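*Asks:* Sequence:
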Amino acid sequence: MWGRNFGAVTNMVKADVHKHWMIQLFVGNGENLEINVNDQKIHCRAIVVNMNTKHMFYSRNLIHFTMLINPTTQLGRTMRVHFLNEKPYYILCEDIAVELQKQLISAISMGENTDYSEIIRNVVYCFKNDNLNGYDERIEIILRRIDTCACEEEKHQVKQIAKEMAISESRLSHLFKEETGIPLKSYIVLHKLLRAYEKILDGESITAAAIAAGFDSAAHLAFTNKKMTGMSARGIMKESRFLKVIL
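Per the numbering used here, the very first residue in the sequence shown carries number 274; after that it's consecutive.
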């Protein structure tokens with residue numbers, strides 16, 4: 274599938290109530306974490322929160338692993354179809370959650386140069402299921418087109434995409450939502466946000482990353498990020514060890 278996922282190891286998460294079109298995994302550091310999902314307080318070792326689901330999370334200065342998952346990727350689709358099943362969240366079974374916590378603790382103990390790829394591989398393994406139907410070919414083309422674009426404003430317009438696909442805007446929007454579960458306009462915003470993260474991780478300033486990803490300004494990126502994640506972009510990048518995951 275097209276798209277990228279991002280993981281982070283941090284003890285500075287203070288995300289106010291928000292929802293976004295990403296699936297999000299949280300793994301606690303050796304003990305239960307506390308998270309609020311749809312106004313329900315939940316205590317568990319590890320949890321997956323479905324896209325477009327209201328949630329709030331404070332790390333309380335304890336190191337956690339979290340992963341933002343593009344729902345159109347193989348991992349995201351598997352989580353949605355085989356585990357979440359349109360429910361707001363999925364709590365990982367005890368043995369799997371404990372194993373992920375052990376790997377997190379071990380990785381943290383290695384210091385700043387830690388390779389967290391083992392945790393990523395195990396997350397993928399935990400949710401591995403090849404029994405997925407493919408997208409409509411037109412949706413595959415659109416996802417590929419968006420993922421590989423240079424983020425020119427024209428490429429982010431539904432009108433232009435529909436024109437290039439020789440399909441009406443209304444039909445395109447309906448088909449995309451039907452296949453992916455996400456409104457096309459919302460997916461484009463998600464794409465821009467993840468592209469900005471990628472640019473920042475590659476060493477660009479927040480301002481340069483915002484412009485390169487198709488935002489009008491750094492302030493526009495900051496507003497969108499706060500709305501979608503409950504945190505400031507600067508705070509996320511400053512206080513977290515971020516990992517780019519192409520799956």
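No lab work stands behind these hints: they were computed from the structure. Note that the structure is a prediction, hence the values are computed from the model and not measured. Errors might be hidden in some of the hints.
Simulated crosslink set (SDA-like; lysine to any residue; CA at most 25 Å straight-line) [claimed, not checked]:
#	residue 1	residue 2
1	Lys499	Glu477
2	Lys428	Gln347
3	Lys327	Lys375
4	Lys500	Gly476
5	Lys458	Asn406
6	Lys327	Ser459
7	Lys500	Thr283
8	Lys360	Asn395
9	Lys327	Asn284
10	Lys499	Asp289
11	Lys401	Lys428
12	Lys458	Ala435
13	Lys472	Val354
14	Lys327	Ala435
15	Lys458	Glu391
16	Lys375	Glu391
17	Lys428	Leu448
Here are the simulated distance ranges between beta carbons [stated by the list, open to error]:
#	residue 1	residue 2	range
18	Ser390	Arg444	37 to 47 Å
19	Arg394	Gly303	12 to 22 Å
20	Ser379	Arg418	35 to 45 Å
21	Val290	Tyr398	44 to 54 Å
22	Ser390	Asp368	28 to 38 Å
23	Met383	Glu425	36 to 46 Å
24	His291	Thr480	17 to 27 Å
25	Ser443	Asp289	13 to 23 Å
26	Glu477	Asp368	33 to 43 Å
Idealized CB from N, CA, C, for every residue including glycine.
*Asks:* Which numbered hints are broken by the structure, listed smallest first?
*Replies:* Those not satisfied are hints 3, 11, 13, 14, 15, 21, 22 and 25.
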